[in-house]
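Chemist: If you want the building blocks of each chain, they are given just below.
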Amino acid sequence: GAVVSQHPSRVICKSGTSVKIECRSLDFQATTMFWYRQFPKQSLMLMATSNEGSKATYEQGVEKDKFLINHASLTLSTLTVTSAHPEDSSFYICSAISAAARGGYEQYFGPGTRLTVT
Amino acid sequence: DAKTTQPPSMDCAEGRAANLPCNHSTISGNEYVYWYRQIHSQGPQYIIHGLKNNETNEMASLIITEDRKSSTLILPHATLRDTAVYYCIVSGYNFNKFYFGSGTKLNVKP
Chain A
5 GAVVSQHPSR VICKSGTSVK IECRSLDFQA TTMFWYRQFP KQSLMLMATS NEGSKATYEQ
65 GVEKDKFLIN HASLTLSTLT VTSAHPEDSS FYICSAISAA ARGGYEQYFG PGTRLTVT
Chain B
8 DAKTTQPPSM DCAEGRAANL PCNHSTISGN EYVYWYRQIH SQGPQYIIHG LKNNETNEMA
68 SLIITEDRKS STLILPHATL RDTAVYYCIV SGYNFNKFYF GSGTKLNVKP
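Here the protein sequences come in this chain order: A and B.
Its first residue numbered 5, the first sequence is counted upward by one per residue in this note's numbering.
Its first residue numbered 8, the second sequence is counted upward by one per residue in this note's numbering.
The set of hints was computed from the structure by calculation and includes no laboratory data.
Backbone N, C-alpha and C fix where the C-beta goes; we use that ideal spot for every residue, glycine too.
Heads up, some of the hints might be wrong.
What the hints assert, rightly or not - Taking beta-carbon pairs under 7 Å as the criterion, some of the chain B residues facing chain A (in silico):
#1 Y39
#2 Q49
#3 G50
#4 P51
#5 Y53
#6 H56
#7 K104
#8 F107
#9 S109
To be verified - In silico lysine-lysine, BS3-like type, Cα no more than 27 Å apart, as pairs:
#10 B:K104 / A:K68
#11 B:K116 / A:K45
#12 A:K70 / B:K104
#13 A:K68 / A:K45
To be verified - Now the stretches of chain A that chain B is said to cover, found in silico as 3 or more residues with beta-carbon under 8 Å:
#14 48 to 60
#15 104 to 118
The whole structure should be built from the sequences, with the hints applied where relevant.
Modeler: Okay, structure coming up:
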């Protein structure tokens with residue numbers, strides 16, 4: 005199956021700094037990628053849809069100025085958490101879409117990035 | 008919002024079949040049923056998806072009822088490594104967004 009990578013896998017930063025997380029589709033091109041966050045013992049929550057060459061679309065309640073998304077190429081999307089605070093500490097997961105041979109699309113997920121803000 | 012309902016947890020004996028139910032009574036005609044699983048602190052792993060016919064692959068089988076309002080994921084011979092949270096997701100043909108529900112925590116016991 006298709007492979008999606010994320011970098012870094014873990015990051016610790018100080019409150020007030022910004023952190024960039026990269027999401028790459030390694031063996032396929034993805035015009036659409038998604039970003040999720042997951043708090044401990046909770047399910048994944050969709051944050052935004054990242055579209056190559058255009059602005060990201062954010063889910064209701066997600067601050068677009070705080071979570072900057074750039075999808076500059078067909079294999080790379082980045083999420084920047086600006087002016088991070090301890091409440092932004094979470095597990096961030098990206099995914100990318102690949103068409104399925106039998107119809108529909110398969111969404112492949114990255115391994116996640118654990119962000120801790122101190 | 009998630010359009011599926013799953014039991015919060017299930018137990019299964021190692022080597023036995025695990026049958027995980029999912030209710031999606033408001034599914035529309037062009038929406039697929041997807042199943043993923045998430046092992047602790049990892050990204051979700053694709054298992055299987057279907058529209059209306061039953062599907063089988065090397066990991067699992069997917070049984071969708073004729074009215075498409077519910078489905079069952081079958082792991083034919085569960086192993087300890089199948090212990091995970093299993094998510095059933097309904098999503099449209101045009102790679103619509105995934106809204107995850109709470110999923111089912113499957114505990115495979117020796």
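Chemist: Take the hints in turn and mark each one as holding or not.
Modeler: Each hint, compared with the structure:
Interface restraint check: Y39 of chain B against chain A, minimum CB-CB distance 4 Å, threshold 7 Å, status holds. Hint status for Q49 of chain B: holds, given a least beta-carbon distance of 6 Å to chain A, under 7 Å. Satisfaction of the interface hint for G50 of chain B is found here, the shortest Cβ-Cβ separation to chain A being roughly 4 Å, below the 7 Å cut-off. For P51 of chain B, the shortest C-beta to C-beta distance to chain A is roughly 5 Å, which falls under 7 Å, so the interface hint holds.
With its C-beta approaching chain A no nearer than about 6 Å, Y53 of chain B sits inside the 7 Å limit, and its interface hint holds. Satisfaction of the interface hint for H56 of chain B is found here, the shortest Cβ-Cβ separation to chain A being roughly 6 Å, below the 7 Å cut-off. Given hint, K104 of chain B at the interface with chain A, holds; its Cβ is 6 Å from that chain's nearest Cβ, closer than 7 Å. The beta carbon of F107 of chain B is positioned within 7 Å of a beta carbon in chain A (closest approach about 4 Å), and the interface hint is therefore held.
Here the hint on S109 of chain B is kept, as its CB sits about 5 Å from the closest CB of chain A, short of 7 Å. Simply put, K104 of chain B and K68 of chain A have alpha-carbon atoms about 18 Å apart, close enough for the 27 Å limit, and the pair holds. The suggested pairing of K116 of chain B with K45 of chain A holds, with an alpha-carbon distance near 21 Å, which does not exceed 27 Å. Taking the CA atoms of K70 of chain A and K104 of chain B, the gap is near 21 Å; set against the 27 Å cutoff, the hint holds.
At roughly 25 Å between alpha-carbon atoms, K68 of chain A and K45 of chain A fall within 27 Å of each other, so this suggested pair holds. Residue count for the segment 48 to 60 of chain A with a Cβ under 8 Å from a Cβ of chain B: 4. That meets the three needed, and the coverage hint holds. For the segment 104 to 118 of chain A, the stated coverage by chain B holds: 13 residues have a C-beta nearer than 8 Å to a C-beta of that chain, and at least 3 were required.
Hint violations for this structure: none, all hints satisfied.
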